[in-house]
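Enquirer: If you're matching them up, the sequences are chains A and B in order.
Heads up, the first sequence is in the numbering used here, so the first residue is 1 and it goes up one at a time.
Heads up, the second sequence is in the numbering used here, so the first residue is 1001 and it goes up one at a time.
The set of hints was computed from the structure by calculation and includes no laboratory data.
Each statement offered as a hint is correct.
Below, a list of computed lysine-lysine pairs in the DSS-like style, where the Cα atoms sit at most 30 angstroms apart:
hint : chain 1 : residue 1 : chain 2 : residue 2
1    : A       : LYS184    : B       : LYS1073
2    : B       : LYS1370   : B       : LYS1184
3    : A       : LYS73     : B       : LYS1359
4    : B       : LYS1073   : A       : LYS359
5    : A       : LYS359    : A       : LYS370
6    : B       : LYS1184   : A       : LYS27
7    : A       : LYS73     : B       : LYS1184
8    : A       : LYS184    : B       : LYS1027
9    : B       : LYS1370   : B       : LYS1129
10   : A       : LYS370    : A       : LYS129
11   : B       : LYS1359   : B       : LYS1129
On a predicted model such as this, the values are computed, not experimentally measured, just so you know.
Protein chains: 2
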Amino acid sequence: MPRSKLDHHVVVIGAGFGGLQTVRGLKGADAGITLIDQRNHHLFQPLLYQVATTILATSEIAWPIRSLFRDRKEVTTLLARVDGVDTAARLVRLGDGSTVSYDTLVITTGARHAYFGHDEWEEFAPGLKTLEDATTIRRRLLLAFERAEREPDPQARRALLTFGVIGAGPTGVELAGIIAELAKRTLWPEFRNIDTRDARILLIEAGPRVLSAFPEELSAYAARALEQRGVDLLLGAAVSDCSDEGLTVGETFIPCRTAVWAAGVAASPASTWLGIEGDRAGRVPVRPDLSVAAHRDIFVIGDTASVKAPDGSIVPGIAPAAKQQGAYVARTIRNRISGKPSSGPFRYRHQGNLATIGKNSAVVHMGRLKLRGRLAWWVWGVAHIFFLIGTRSRTAVAWSWLWTYLAGQHSARLITQGPALQSEGSAQRAADQTTDGVRAAEQRVEK
Amino acid sequence: MPRSKLDHHVVVIGAGFGGLQTVRGLKGADAGITLIDQRNHHLFQPLLYQVATTILATSEIAWPIRSLFRDRKEVTTLLARVDGVDTAARLVRLGDGSTVSYDTLVITTGARHAYFGHDEWEEFAPGLKTLEDATTIRRRLLLAFERAEREPDPQARRALLTFGVIGAGPTGVELAGIIAELAKRTLWPEFRNIDTRDARILLIEAGPRVLSAFPEELSAYAARALEQRGVDLLLGAAVSDCSDEGLTVGETFIPCRTAVWAAGVAASPASTWLGIEGDRAGRVPVRPDLSVAAHRDIFVIGDTASVKAPDGSIVPGIAPAAKQQGAYVARTIRNRISGKPSSGPFRYRHQGNLATIGKNSAVVHMGRLKLRGRLAWWVWGVAHIFFLIGTRSRTAVAWSWLWTYLAGQHSARLITQGPALQSEGSAQRAADQTTDGVRAAEQRVEK
Chain A
1 MPRSKLDHHV VVIGAGFGGL QTVRGLKGAD AGITLIDQRN HHLFQPLLYQ
51 VATTILATSE IAWPIRSLFR DRKEVTTLLA RVDGVDTAAR LVRLGDGSTV
101 SYDTLVITTG ARHAYFGHDE WEEFAPGLKT LEDATTIRRR LLLAFERAER
151 EPDPQARRAL LTFGVIGAGP TGVELAGIIA ELAKRTLWPE FRNIDTRDAR
201 ILLIEAGPRV LSAFPEELSA YAARALEQRG VDLLLGAAVS DCSDEGLTVG
251 ETFIPCRTAV WAAGVAASPA STWLGIEGDR AGRVPVRPDL SVAAHRDIFV
301 IGDTASVKAP DGSIVPGIAP AAKQQGAYVA RTIRNRISGK PSSGPFRYRH
351 QGNLATIGKN SAVVHMGRLK LRGRLAWWVW GVAHIFFLIG TRSRTAVAWS
401 WLWTYLAGQH SARLITQGPA LQSEGSAQRA ADQTTDGVRA AEQRVEK
Chain B
1001 MPRSKLDHHV VVIGAGFGGL QTVRGLKGAD AGITLIDQRN HHLFQPLLYQ
1051 VATTILATSE IAWPIRSLFR DRKEVTTLLA RVDGVDTAAR LVRLGDGSTV
1101 SYDTLVITTG ARHAYFGHDE WEEFAPGLKT LEDATTIRRR LLLAFERAER
1151 EPDPQARRAL LTFGVIGAGP TGVELAGIIA ELAKRTLWPE FRNIDTRDAR
1201 ILLIEAGPRV LSAFPEELSA YAARALEQRG VDLLLGAAVS DCSDEGLTVG
1251 ETFIPCRTAV WAAGVAASPA STWLGIEGDR AGRVPVRPDL SVAAHRDIFV
1301 IGDTASVKAP DGSIVPGIAP AAKQQGAYVA RTIRNRISGK PSSGPFRYRH
1351 QGNLATIGKN SAVVHMGRLK LRGRLAWWVW GVAHIFFLIG TRSRTAVAWS
1401 WLWTYLAGQH SARLITQGPA LQSEGSAQRA ADQTTDGVRA AEQRVEK
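Based on the sequences and whatever the hints tell you, model everything.
Expert: What follows is the structure, given as structure tokens:
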């Protein structure tokens, strides 16, 4: 791989919030930078659930990575998969066998969903981490209504109109809230054989309350708001099995053909690359300056790292934390290159928690400020538009939201990725669908 | 299948331009209507090439079919694949074995690409008929540049930077024009190892000129405008072979890793359903009132039908023709239901031809009016926005175009549908890619 002519070469693996902030923070530094990602786009994950629930288009929350740094000639963007790191030779090994050498390495490869030892559940209850996850979930949601419309058996129809969301953190709450709005407010005038308002939306949470990171009063508000929107809360209830036919919650089997997993996260394989034992969630433990114990030239940040806050708690896996870490690491690298002393350990500043439940309903917790309802919803919306990249996306998302708000219509109700009519899941599931299972195998593979 | 309580039941197969216009024209008629399509969305095909070339988002040119008729309680929308028609029993057979009975049947199932006996070419040179086709082509275009950036061998890099468009009708011209703009104006500042301005864009046409449906002077203008934009025209040149490695044009082999087919169309299998021999392109011959010879209760319209204009020419397979036919058939059905006499044979009114070449460049031919250049480009744009459905899409497309025009940036440069890094095409192609071929098989199946 060609590398920069500049003396110091920084390799950043992962173009999420942490990776982009690192590259931004190195602007003007005396360093060449190579940014590696296995996708060609940076994804605004906090709004991914809105693609899954037909409100936003894929391109409204994703940007080609190389376009973000087109004016930074010292930055090279590589679309490549990383297979490992040779820490002795200071080489990153790519999927095609080639290597990229580094002087400083920043690993920020994010996280994926954790199924707590039941990876086979992923087929039935996919998580939400990539654009393809979002379009897969969107397709399944919309197909469930389509199949119910053509299903003569009332029991089978009931299962098709039951939607399970597992995990009641912000993503689970937001998903359940919008699915309920879709079924109970948007879709019902369009079907002739079913009443989509009969749909059952389950939000299943092993803990005692929704939005456990928020103060109890805001959790209680969110729970009430969800119930008013027709979401059934199953709290203190762990999913013990998950299949094609439904979910088992505790001892109870619930027929349910569509499920989304929003419960746990596991870090990417960075700890394996480095030969370091990760924590329970696979995160790499880092030192106070975010470097790795045995390797002062390697930093791990974002969801991939286990970072202790000054009070001993673990820094949460959210976008603002990753961005702060990226900015900090960029500063540290600049200091090292220019021979300046370190600027002290990383300090996480918690800016607050936001979650939305549905139209005119959200919760905001920032320091002493606790908001709920309509005002919180506007704060949530403005904050998210502010954090999008570029005028184009801001206006497009604002317009999509305004349209949804005023017209009550969702603009991205598309069943795509594989012919609409193929069944999904197991071959059995394919065979017993009302629609044809001709290319069901392809559909499964595609997932 | 449940059917309307109204006496007369019209079944419309296909929710393209012709199908929608038929259903619209039957508003207020004393008839129940079932609209069947194998997709959940109506697609504005004239702008599909802009999704393939990263300008528009999928949801900007597609609308959920059932949302279009949400207020028409006599219209039932079915997401289903049609397997055949029992003309004696007046039944439409669906993919799941169920049937829908009809009094009047309107078939408007469109066309797909014709490879003139070489269906194996489709794998290497896909056509552009569905949203998935568009995102597949978009992915291949963008991946070709990504792979070239990492390709050390100059010859292989050259093949990756060669793009072949086969067929120089409006779609082929529009595709070649935008691919050239993408390579020569948009992408070049973002790559470090290649200069995308070196890309070669071939427009290959068996006939003697581009846009053969236009007057010669407009064809000549379009040819010049394409060449100015850096498109290589190969006219009077037929593709004789097509593979993973490149295109053979006449006797000459041209290494080329990305190709798009815009050459011929073949009608859907409607003629097989009806047991009628189609014409050379598989179209069903119809009588002057667009019904089928042996079946006065079956109409075939749009790209599926072979309709003779009063002057003996075949009505072209374009959206305005399908819409006129849909309106005509709706009128005929209304007359029959109410016992009125027929309103005479279908008469096609040709409204004109439009094609765009690139920014500030298009050709328009309407009656005596012949426009070219900047004014034609604005006419083209305004006409297309006018024909989109609904305020939401019009504003979204107008904004996307304005943004592209002013900022020179395309907003939908996403490599999606299957992990970005998988190779496509044959296993061999997968194996010799710079990127990893781990799940290449999946990618092939997915296509």
